[in-house]
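As given, the protein sequences belong to chains G and V, one line each in that order.
Here the first sequence stands for residues 0 to 307, numbered as in numbering that gives the first Met the number 0.
Here the second sequence stands for residues 0 to 309, numbered as in numbering that gives the first Met the number 0.
Worth flagging that the hints you see were computed from the coordinates, not collected in a lab.
Take the hints with a grain of salt, since some may be wrong.
The following residues of chain V were derived to be distant from chain G, with all beta-carbon distances above 12 Å [said to hold, decoys possible]:
(1) GLY56
(2) LYS67
(3) VAL78
(4) VAL85
(5) LYS108
(6) ASN118
(7) GLU191
(8) HIS196
(9) SER254
(10) SER268
(11) ARG302
Subject to a maximum C-alpha distance of 27 Å in a straight line, what follows is the list of computed BS3-like cross-link-like pairs (lysine-lysine) [stated by the list, open to error]:
(12) V:LYS305 with V:LYS194
(13) G:LYS19 with V:LYS176
(14) V:LYS23 with G:LYS188
(15) G:LYS201 with V:LYS23
(16) G:LYS201 with G:LYS188
(17) V:LYS23 with G:LYS122
(18) G:LYS201 with V:LYS19
(19) V:LYS305 with G:LYS122
(20) G:LYS19 with V:LYS108
(21) G:LYS19 with V:LYS194
(22) V:LYS19 with G:LYS188
(23) V:LYS176 with V:LYS108
(24) G:LYS201 with V:LYS13
Chain G stretches covered by chain V per the calculated footprint, using a threshold of three residues with CB under 8 Å from any CB of chain V [stated by the list, open to error]:
(25) 100 to 106
(26) 116 to 124
(27) 129 to 140
(28) 215 to 224
Note that CB positions come from ideal geometry on N, CA and C, so glycine has one too.
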Amino acid sequence: MTQGKTQMAQGAFASLHYRKTRDRIIEAILLSAGLVAVFTTVAIVFILFYESSYFFEHVSVKDFLTDTMWTPLFADARYGILPLVSGTLTVTGVAILVAIPVGTIVAIYLSEFAPHRLRETVKPVLELLGAVPTVVYGYFALLAVTPLLQKVWPDLPGFNMLSAGLVIGLMIVPYVASVSEDAMRAVPKYMREGSYAMGATKLQTALRVVVPGAFSGLAAAYILGISRAVGETMVVAIAAGMMANLTFNPTEPAATITAYIVQVSLGDLPHDSIGYQSIFAAGLVLMLMTLVLNVIGFFLTRRFREAY
Amino acid sequence: MAATAHMTLEEIRKGLSWRKQLDKLFIAIGMALLFGCLAILAILFFDLVRDGSSRFGWDFFTSFPSRKAENAGILSAAVGTMLIMVVTALVALPVGVAAAIYLEEYAPKNWFTGIIEINVTNLAGVPSIIYGLLALGLFVYQFNFGQSVLTAGLTLALLILPIVIVATRESLRAVPKAIREAAYGLGATRWEVTKDHVLPYSTGGILTGLILGLSRAIGETAPIITIGALSFIAFLPPSPVTGEFPFLNFEWLRSEFTAMPIQMFNWVSRPDQAFQANAAAAGAILLGMTLAMNAVAIWIRYRFRKKISW
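Isolated chain V (complex conformation):
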């Protein structure tokens, strides 16, 4: 303190200009790191698209995997991924939304609710491959679902459940208390309040959460490998829609499958350069799908936010 008191004006000015220089230096470093990282990633993505560009074409989408790189395509992988996503969405949406409604609208504040909440937070941090081991032990061995579309869909549904729950809770919380109280005032029960008033307002947030969850699930490779997905599948699962009554067929749920990220992994791990072009093309398509899903999610959030004014 005493030293400061004896500093001349000159010294203080010098110190100040030095400190201001440091500020500028830090801004330069911060910007360099931020844009450096973004640039590296942009270059890598650009590289991926360029490496795969030779493979983009109708044949790539309509061909099964093949021993010859130039004949190989992603038909079985793309169909597999779509079917898995259907199962995942159909399971994760109702369970996730119901759990979120319970935690946000019904649950009393006690230790039991606390346990559920800690579990949701913890599950979000469990490595995805552990979900794969869970599914292998539970769905494949105990429930005998086999290494099927159903097992993969359920596994990924459990994986994205925390994402759906957290997103749904946030959008439920954003609905003003006054709306609930007005409905209670007219004699509505808790479920009527939730179903008729709270849920319609939170649809945007719930959809956003579901799509973000699915965009995570679509790229997950490790858990699906662990349950034993095959990487070489040259057939399609039986069609869900049939010509005869009852027009629906659930055989596809028990079918073996492959998926986009697995196909890509299989191609990356081959030393042959021609297959790496396939891997790049599959990766670019996968990347395009996740980015598109995220864009849709952001758009939905934006639209619903604009439509609702309290």
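The following block holds chain G by itself, in its conformation from the complex:
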């Protein structure tokens, strides 16, 4: 009898030991899956530096940053990133001029004024719009918005940054509105009630209590929206033109960093040519631009989560 019990206990211990070992192995497997995220980031940084090192052997960093021409595909090749950066910034500028005011007003309306049912219907629609493929937005920019703009400005070229920027702006409105609305809803109710008790109207409360209270969340929404516009590829590749052009005039055609990468990828340059390697240098600049924005956005989001 006692012997049987001891045996059973031994068995249970053995099985517990087995289960604990299994747990440890599984934990290691799960951890390695988590490390894929770290590995991806490291790989992005490593690949961009490694592949563009070949490019920087032939082009000095000074020329890359200060030359005003970007013509790697021409016989007289020049490698100044500035024209691509100016194209990127111009398109982004147009996009945020649309997305920030419209997104903020829509967010204030949804968060503070809209009836509950409307808000609950509109929020999923906004999220749905975020899932529309960007190549579809590119089609809109080239074949719907540009012809429309040309009716107002007959001189507007078929490829231009204005139309691409407007469509990108429209595209990120749902994102900016949705994130801003979340931030404003996180402002506690008692702050609004305090304001009402002082005799403020809804609009005064919204603008002077809720918006300042949600400031870091709104700033995060804007910055992440800008980061999206900077990294947007298909709309500009389709509608803004493929020629690098050092200008801040949105009615001109110009290539952005992303559009240039697409252009080279579609061509048939050999892998070991400098022209081909230049996409990694361009990508490196793009990554650094969005990385700075994303880091700022990350800390702002964290601040607004912790604020209340």
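Fit chain V to the known structure of chain G by using the hints.
The following block gives chain V in isolation, referenced to the frame of chain G:
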């Protein structure tokens, strides 16, 4: 302050009615912008479907791309997209769910976990074309996977990993602590608690996250162009299923491919109007697919939520 004290009742009333007018004005502007944006998008979508409507038909689905717009179809693109999605789902689901389980159920709160979390957040904000450059440098040149279905699937899997991880973590977090503690109380190990109790309750959320991720991946164009997808492919990858033992064939993983968004991009960039009708038709189908996937995701979330009551 003093000025307020000296305001007559009349003045206060005037100010109040003015402020109330402002409220109404703001509501009008807010509604106009909200519905204005939605209306513009609705018109654009409607236009897209109308422009492409002449091309909808059986032939469009069963034809390869062609130099003649009226003969061209999306067969190779649709098959390519489906095969890529299979690879993406098979990679992103296990890795994403495992990473989420680790972060939510296992990870100690320390700097190392913090690094993983920051990386996940950061990756969600990396432009998709950068993933394309990563894949070009890593999968195509270093690992020699070629410009293949496998490379495209892996690239998009990395791209949607943050979406799957975040969605899975949210649904794991929604499982009440009491359920875990009850299982621990009966002597279950951490993995047994996770596998037998936490995961079954979060299946809905995980599936929703996966489908939302795939609906993002299906429309991604830039990274697939960067790894060198061809836009003119008049053949299908070898069939995954064969008549002979072992009935499965993995040749298709190494095959060159094209995909729906690339086909659309190729057609949009042609000046010929007839091809733009093709682009519109492909775009409408692509849009239909993403919206359908989102609808399924929302439905699953709703159903699972209804079935579970704590």
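Now the hints, each set against the structure:
no.: 1; hint: GLY56; verdict: holds, 20 Å
no.: 2; hint: LYS67; verdict: holds, 20 Å
no.: 3; hint: VAL78; verdict: holds, 18 Å
no.: 4; hint: VAL85; verdict: holds, 19 Å
no.: 5; hint: LYS108; verdict: holds, 14 Å
no.: 6; hint: ASN118; verdict: violated, 4 Å
no.: 7; hint: GLU191; verdict: violated, 7 Å
no.: 8; hint: HIS196; verdict: holds, 15 Å
no.: 9; hint: SER254; verdict: holds, 19 Å
no.: 10; hint: SER268; verdict: violated, 7 Å
no.: 11; hint: ARG302; verdict: holds, 16 Å
no.: 12; hint: V:LYS305 with V:LYS194; verdict: holds, 22 Å
no.: 13; hint: G:LYS19 with V:LYS176; verdict: holds, 22 Å
no.: 14; hint: V:LYS23 with G:LYS188; verdict: holds, 22 Å
no.: 15; hint: G:LYS201 with V:LYS23; verdict: holds, 10 Å
no.: 16; hint: G:LYS201 with G:LYS188; verdict: holds, 13 Å
no.: 17; hint: V:LYS23 with G:LYS122; verdict: holds, 22 Å
no.: 18; hint: G:LYS201 with V:LYS19; verdict: holds, 9 Å
no.: 19; hint: V:LYS305 with G:LYS122; verdict: holds, 20 Å
no.: 20; hint: G:LYS19 with V:LYS108; verdict: holds, 21 Å
no.: 21; hint: G:LYS19 with V:LYS194; verdict: holds, 14 Å
no.: 22; hint: V:LYS19 with G:LYS188; verdict: holds, 21 Å
no.: 23; hint: V:LYS176 with V:LYS108; verdict: holds, 17 Å
no.: 24; hint: G:LYS201 with V:LYS13; verdict: holds, 17 Å
no.: 25; hint: 100 to 106; verdict: holds (count 3)
no.: 26; hint: 116 to 124; verdict: holds (count 3)
no.: 27; hint: 129 to 140; verdict: holds (count 9)
no.: 28; hint: 215 to 224; verdict: violated (count 1)
Of the hints listed earlier, those the structure fails to meet are numbers 6, 7, 10 and 28, in rising order.
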